[in-house]
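There are 2 protein chains.
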Amino acid sequence: MILTVTLNAALDVTYRVARLHQGASTRVLSVAERAGGKGINVSRVLHTLGVDTTVTGLVGGLTGRSLRQDLALAALPEALVTIGQESRRTVAVFDEAAGETSMLLEPGAQVTGDEWRAFTARYAGLLPSAKAVVLSGSLPPGVPVDAYASLLRLARGCGVPAVLDTEGEPLLAALPARPALIKPNADELVATTGLTDPLAAIEQLRARGARTVVASLGAEGLVAVTPEGRWRARPPHRVAGNPTGAGDAAVAALAVGLANGAPWQSVLARAVALSAASVAAPLAGSYDAVLYQRLRDQVAVGPFTQL
Amino acid sequence: MILTVTLNAALDVTYRVARLHQGASTRVLSVAERAGGKGINVSRVLHTLGVDTTVTGLVGGLTGRSLRQDLALAALPEALVTIGQESRRTVAVFDEAAGETSMLLEPGAQVTGDEWRAFTARYAGLLPSAKAVVLSGSLPPGVPVDAYASLLRLARGCGVPAVLDTEGEPLLAALPARPALIKPNADELVATTGLTDPLAAIEQLRARGARTVVASLGAEGLVAVTPEGRWRARPPHRVAGNPTGAGDAAVAALAVGLANGAPWQSVLARAVALSAASVAAPLAGSYDAVLYQRLRDQVAVGPFTQL
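Top line first, the protein sequences correspond to chains A and B.
Under UniProt numbering, the first residue of the first sequence is numbered 1, with each subsequent residue one higher.
Under UniProt numbering, the first residue of the second sequence is numbered 1, with each subsequent residue one higher.
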């Protein structure tokens with residue numbers, strides 16, 4: 001089983017409107033609700049791949065209940081821990097006339113010290129059944145900034161390799177706990193290290209403790225710096241669509257690779273293909289299965305010295 | 001007890017943002033949730049006035065549960081009927097930089113024939129304890145367009161006077177059931193009758209069945225055309241603030257007047273004072289009690305022949 005952790009889960013609400021009237025009233029044509037958060041997206045992709053997965057994290061209130069209902073609907077096993085405060089929502093307003101989406105991001109629910117300890121205990125209980133663990137996304141208020149470092153140490157104690165996908169302070173504070181793999185994107189590399197050269201940023205993150213860094217460069221594919229070598233993996237062509245969740249699809253493939261101990265070149269090819277196939281699917285956490293099969297053999301993976 | 005009916009109740013959510021970024025992501029600084037809908041606002045005002053009131057209407061799903069929780073928090077007695085579909089939300093995004101609010105209005109939940117019959121039965125059971133009934137707002141999908149006519153006839157059968165506050169087709173379809181009082185605003189008069197002269201529009205609505213028409217003209221106060229005479233009531237000065245809910249505050253005072261059989265001049269003075277005092281309060285359904293006391297004796301009420 002691959003365990004995914006989403007500490008700052010959200011109920012993602014999508015409103016379709018004919019045109020968004022700023023400063024006035026807009027009728028919503030349709031409402032869709034979905035359990036959201038990067039770790040949950042990773043589990044959705046794993047589940048579709050036929051890989052056994054469990055979702056954990058923190059949810060609360062009636063929004064948390066909606067979130068759980070949606071996971072049950074998707075047949076995704078969950079071991080979420082309930083907190084006192086209401087889970088957050090994100091509201092995406094898709095404006096049909098402008099062809100653009102405006103996102104409203106609620107602040108995360110405040111987590112108490114007791115709730116954080118309860119989560120840590122639950123997570124520790126799940127680790128012995130996990131072949132890999134994925135720690136994704138931002139930290140909600142109240143959770144210690146070195147939360148991921150604690151979770152990484154617990155995973156290491158059970159011999160479970162971990163993928164960490166976060167940015168900024170939570171990423172920097174986690175590195176001393178030596179994650180097996182981190183997956184920043186180009187913006188996160190700059191934001192976290194302050195360095196504009198991606199390779200220098202990657203090396204800084206490795207020097208601080210990350211064993212492997214796989215950086216996602218959008219339509220340019222992935223760059224991997226590992227103890228076994230450096231690779232660059234590119235999709236054969238650009239895929240049009242919704243890039244939200246493309247990084248989560250890549251993380252799903254990377255976690256499977258870590259769990260199976262597969263060679264980097266094949267893992268990276270799958271990660272790039274899955275990421276591109278997810279861009280072709282309308283929702284984060286889903287992918288175009290036919291496109292994935294086709295792209296898998298077309299991804300060019302080769303060593304590199306310079307970017 | 002004054003019974004208020006809100007068939008298309010909503011959970012009103014308010015997001016405060018520093019600036020709304022259309023087509024991009026905006027962090028929400030604070031989230032407030034409140035049971036909303038015109039009838040519910042009327043009950044809030046009645047409750048604050050110390051008048052016994054009960055809220056009824058249709059709610060469903062987890063949003064309906066939040067709505068009920070908020071009424072319980074406000075100590076407002078409710079006899080809401082549960083439907084299968086999820087209650088709607090409205091999202092008001094207050095942009096601090098622009099000083100303006102953008103409203104997103106979800107469509108109402110679909111009501112089945114069985115649910116409508118269950119509501120009608122519940123309503124009929126509540127009428128014998130009511131001194132007046134207030135029917136407010138739009139109709140959700142699935143409810144017959146002449147819904148208010150049926151509810152008015154049931155009220156009349158129990159000798160309970162009714163205030164109807166709606167517009168368009170639901171208002172026109174209700175008039176043959178002869179409501180004791182309707183309270184259109186200036187825009188609703190035009191939208192419902194197609195007439196631009198407010199007095200001609202009022203007379204048309206009375207000819208179609210409304211016994212009394214009290215039209216709200218915003219900061220200009222109220223105009224009442226009743227079987228007992230015609231009055232105009234004006235506040236002594238303009239009140240700055242949030243006009244949402246001002247009409248509901250006026251309806252609360254009018255319903256109290258109908259229930260008590262008070263003379264029109266005093267009822268209209270209170271309605272204008274309460275309406276103006278509600279503009280001074282930040283939320284619909286609340287009012288500035290000190291301002292209300294002060295304005296009550298300052299409202300000018302007099303007969304009129306022309307507007």
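Hints listed in this document are in silico derivations from the structure and should not be mistaken for laboratory results.
Yeah, the Cβ is synthetic: ideal placement off N, Cα and C, and Gly gets one too.
Any given hint might turn out to be false.
[Claimed, not checked] Below, a sample of chain B positions facing chain A; criterion: calculated Cβ distance under 7 Å:
| no. | residue |
| --- | --- |
| 1 | Thr-14 |
| 2 | Tyr-15 |
| 3 | Gly-23 |
| 4 | Ser-25 |
| 5 | Ser-66 |
| 6 | Ser-102 |
| 7 | Gln-110 |
| 8 | Val-145 |
| 9 | Leu-283 |
We went through each hint and held it up to the structure:
Annotation: interface hint on B/Thr-14 violated; nearest CB of chain A at approximately 12 Å, more than 7 Å. Restraint check, B/Tyr-15 versus chain A: the minimum CB separation of about 6 Å is within 7 Å; hint holds. At a threshold of 7 Å, the smallest CB-CB gap from B/Gly-23 to chain A is about 4 Å, leaving the interface hint in force. The interface hint given for B/Ser-25 holds, since its Cβ lies 4 Å from the closest Cβ of chain A, which is under the 7 Å cut-off.
Restraint check, B/Ser-66 versus chain A: the minimum CB separation of about 6 Å is within 7 Å; hint holds. A least Cβ separation of about 5 Å between B/Ser-102 and chain A falls short of the 7 Å threshold, and the interface hint therefore holds. With a least beta-carbon distance of about 12 Å to chain A, the hint placing B/Gln-110 at the interface is violated under the 7 Å criterion. The criterion of a C-beta within 7 Å of any C-beta in chain A is not met by B/Val-145, whose closest approach is roughly 19 Å, and the hint is violated.
The beta carbon of B/Leu-283 comes no nearer than 18 Å to any beta carbon in chain A, farther than 7 Å, and the hint placing it at the interface is violated.
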